[in-house]
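Build the complex from these two chains, which are given one at a time in their own frames, with help from the hints.
Next come the chains, spelled out residue by residue.
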Amino acid sequence: MTVVAAMASVKFETRAADCNRRARRARAFVLQLLIVVFPLFVVLFPIFVLAQANPAGFDDLVLRATAAREQNDVQQAIELYGQAVQLKPDWPDGWWFLGSLQYASDSYAAARDALSHFIELTPEGGPAFALRGLCEFETGEYTQSLKDIERGLSLGAANQPRNEKILRYHEALLLTRSGNFEAALQKYALFGGEKVPNPELLVGIGLAGLRTPLLPKELRADQQDLYSAAGNAAFQFISGNQKAAQEAFQDLFQRFPTTANAHYLYGYLLFPTDPDQAISEFRRELEVSPSNAAAQLMVAWDSLMRNNYSEALAYSKKALAEDPSLAVGQLVLGRAMVETGNVKDGVELLEKELQVDPNNLETHLALAKAYSKLGRKEDARHERLRCLEIEKSENAPNARP
Amino acid sequence: MRALNALSGVFVLAVCVSAAAQARASNPASSCGQCHAAQAKSQPLTPMARAIEFVDANPTLKTNPKMTFRREPYSYTVETVGSKSTYSVTDGTNTISLPILWSFGAGGQTWILQLNGQLYESLVSYYPNLSGLDITIGDERITPHNLEEAMGRKLGQGEVKACFGCHATHAVSDRKLTLDTLEPGVTCEHCHLGSSVHMTDAIQGDLDTTPPKLGKLSTEDLSSFCGQCHRTWEGVVRGHFHGEINVRFQPYRLANSRCFDGTDPRISCLACHDPHQDLVRQDSSYDSKCLACHAAPSTATHAASANIPAGAKTCPVANADCVSCHMPKINLPGGHAKFTDHEIRIVRPGDPYPN
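Same order as they appear, the protein sequences are chains A and B.
If you're matching positions, the first sequence starts at 1 in my numbering and goes up one per residue.
If you're matching positions, the second sequence starts at 1001 in my numbering and goes up one per residue.
In case anyone wonders, no lab produced these hints; they're calculated from the structure.
Where is the CB? At the ideal position from N, CA and C, for every residue including glycine.
Among these hints, one or two may not hold up.
[To be verified] Which stretches of chain B does chain A cover? Using the computed rule of at least three CB atoms under 8 Å from a CB of chain A, they are:
id, stretch
1, 1147 to 1158
2, 1251 to 1265
3, 1324 to 1334
[As the list claims (entries may be wrong)] Examples of chain A residues lying across from chain B (beta carbon under 10 Å, computed):
id, residue
4, R69
5, L121
6, L226
7, R284
8, N307
9, A380
10, R384
In isolation and in its complexed conformation, chain B is listed as follows (with noise of 0.2 Å):
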């Protein structure tokens, strides 16, 4: 074993040897690319790792130069330069005029402004379904007293952390919010900590400081993993968030489905995503999945068939496209969005949505 250690590492250690000029390249994913060429490729293209972006490299930004909005008594301008992006807000009297520091999301974005030393989320969110403007989700309830109110809501401490914490990596270290290590959205580092020194060691050959590989999580723990930024099922449940608001929060969902079962991988968020891949959004694309445990016997491998779960039942209805039906698309309530349901049912007619 010893001895296949060490060829690995020598192998190791020649493919990086010749990575090493250009190690510690701007972009992460480049660097663990050496190794890990495929997920390096792909993965930058995800909405994670777009999850947070500066200014000048905003492609919603740039072909939405003018964007307005109004709610009384205030009017909204969103305004592109060059690569500088500007927020302002007036009453008509008055002007609150701030450049847009970052923006938070792939699609619809939301805009981080800093007055007086403070951190505020923009109360007006760009929402691609609308092509415009609109109240950030979660602020429709906020009725501003003044034009500070109106141009954003004060971030606090925490909240900033955990944030930033979610949506960029080494935002946070040490419980402190560390904006000028801030790497823009998702990288390898976020999720696989320790890859950094990994791969200083690696190309000495060291390879025992390899992070944990999080495919090996059980599907409770790989749920609590990926819950850290989807919202874990207790995180849900602690912040009270009823009704259709939930329908975002992947993991809460997932566990509430009757065939959630923390130790079969099946059913993992790995299951059927590859979080290194952009979302697939093909319906049938998950059939296999669902398959998995619920193929009619006629149909199921040998396998397969072998290790259907007690009491999986299979559809009367259809093989194909289940998550149409048992995953269906809902309403993200102010988000002008639909997210699917991963709250894997029957959905009747009628039903209420599950909470």
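One chain only, chain A, in its complex shape (with noise of 0.2 Å):
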């Protein structure tokens, strides 16, 4: 099974029963790396729980539950670790197995409810959360999943390739649903190179790349093909196959010539490489759908970069004017008005973008060229120490807003 495969079948989708079986066997697979990540837990939890004064029969119950649970016998083990945090609620290994053992069996609320006690007791459980997580995505609350999710990666839950690459996979499909398509298409770099990509792998990619707020079982058996079209010719980018890539998003054009976004998709991925060709494709963009709010901003930001600021405060003026909720779009037309002069009202909107978005290096360093324009000498090379711990801290990819 490859990586991707076992990634993909851990949505649990349930055509056929193919998928369900590779479904289990990723399942079964997450746990056990998983489980390797609490060795401690494990072998020395146990025997320092049994060391301890506890209820009577609990320490029976915990003997044969494990023995359970190592014969793979899930339906009988998760019984005996209910029975046992029953009698015992502040013992962490208990929940942990319980959970980890419902969402094996597709009992998704109960497996979200057992870690919930777990990640009281154990609040830095990097992979609790990511399981959690992975359980809210199967119940339908993608905000709490998304949450849960970046939390357990921002604890070390991605500490297998395997692992990283189910996890990235669903924080990408919630990134897209929520309507942040900049940065799942960033997750789903981390696929690029994969031999054989699953289908509904480029679907997600397809979905982020045409911007379109949904996941891959929301779409209509109808809509597939463009998506899968748009996630692939994505996805050849993503590998470093450019000459595929050309071919693929030429075929996209052909097939789909008024398909918003797909034009916006390939000047994105072609823009920190090839930012002429990228901005041909944005202008072809509005071409094809002219209110196109994220193309009309990177062609201000383009215009930013080539110092045409004039441009730029013009297409940031009617991106906004599209979509005011248009991510980083009050960075682009607060640096246009630095630039322009309008340096007062620029300073303003760009210290209200780093409040929703702190640790954005383009905004600092707008904020840095506005200060130093302003004579404001302190501020300004505050804001440059800012970018430089952010740029070391992130090694910040290619500039775009």
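Following this line, the structure appears as structure tokens:
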């Protein structure tokens, strides 16, 4: 089973028996990996627990539950761990095993609750957050799922390459669904180079690329082809297959000439390495969909990078008029205002943007320049130092808003 | 005011019309020089004006007609015969031999080559301090896997435009590389965009198209302007240039100085450098620039004293050759040259390079 197949199958689609089999194997694999994170718990905690004054019958339950788990008797193990944590609710291991076994048997709501108990007792347990996030993904609690997966990742849940792919894939799906398409595409970069991309991975990438805030399972059957084609073109690009990507995008443009965001997607991917070609694609996008705020914003950003500030100002204003909530729109407009002489108002916008995203390198760069232009020497210096901190910590990628 | 403008227009018209027959001479500086004689005379001698050279006008290649270099298992030869220079690399069995098309750099030189329609940066360059060849700066980490890679580094479209965009004039137009219109080096039009139109219009007495006066830019904006080629502060941050390698990016280093103030002309690029003149290398010649802010009250003029910024300290060690201590010369890794560090600071022995 390929890594991507494992990852995709964890989504627990039930379209075919084959998918189910793969999903179960993948889940078992996830569990095994996550359990590896807790060797101390696994090895030492039972000894420690047994050494304590436990409620009557508890020790026996633990031994029987462990045996059932080791024999892959999942239902029996769930039953016994459930009884054990009723007797001793402050036993974190019991909640962990209960939650992970429930997850493996598709009891996502129950698993989520058990893992919540574990997290109360062990607040820094990254894998538990991650697994709870995967449960919430299945129960349709998407906002909380994204929060938990991100928290899990920040606490080191991506401790194995396969784990990382499973979590990043779900994170990307959720970012797409929440409208954070650029961030989703960045997560999908992890999958570049997969030899046999999973069809659902391609659809997922296509959704992010075409800026459609849906999950693959929410698409109509007649939409699959479009998103798969877009995803494949982007996948070829992020895999470094420039020629194949170019051909795939041309094919996409021919087959779906009026589809919004297709040219935007190609431009977005090209921007770091070939901004000239990228800007052509953004302008083609505006021919297809003149009100495309994201394309307008990228044209504005490109104009800023080329010191064409008046064009940057015009396009960023248009973009924000189309979509006032556009991510980093305030940054581009604020920077354009600073560069065209309206420094004071520009600074105001940039400072607001900083409240939304305090670690955005581009906002700090823009503020450093703005403060410097205003003669606010110490503020400018402070911002520059902050930029250097961010750049060193993130090793931030090529400039884009 | 209109009368004054008209008069000045007549004056310019008189000067320019007399020069009209010579206008559009081969050297753009000479055309602009009909009115801006001093700049037109000195600027072509600057390193910026010689940032790129055609082979037949390349003194380095002429005075070094045969240069060789070996980096196992490859041997390099740069040979000049008459007005043609050839760059060759061999592994002992096969050889690639290409004409040098352009030379980048007025002192050290890197060559641009063409193979199968692609432009390459030569993997070896000429370094004056070595009086010979070594690996091109930045390419030290390249381990060639074949003769083509040993010959040079293939340049992407974006990189080609960036290189020619800074080292030449009219090499990039409408986002496209336009080598057919290339003028070698940084000429008037490179910085003073629209100066050709201005010249044509001025001949007709129309001064409305005079390019903006760059000297009037704020210090911050001037840093950004010069930084288009010398790298802006943010360009260096985005490019992740860490360590001594960034010493050659002067606008970045200068903005890191405690005394940098984006609104104070005393710390601008133009406060110390006249881009129309060759670089002044005598340390003492910059003293007055430093003392414009750091003069002791007893030695400063009354006017200067009144303008000394709050917190500007006077040096307890010396009041001459300031830059020799406060702007140390740093070895550029792989560059076989020292660059003046524009991060103005108190340098203490043993301090690491501030980055």
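Now the hints, each set against the structure:
1. 1147 to 1158: holds (count 3)
2. 1251 to 1265: holds (count 8)
3. 1324 to 1334: violated (count 0)
4. R69: Result: violated, 48 Å to nearest chain B Cβ.
5. L121: 42 Å, violated
6. L226: 30 Å, violated
7. R284: 15 Å, violated
8. N307: 7 Å, holds
9. A380: 6 Å, holds
10. R384: 7 Å, holds
This entry does not satisfy hints 3, 4, 5, 6, 7, going by the numbered hints stated previously.
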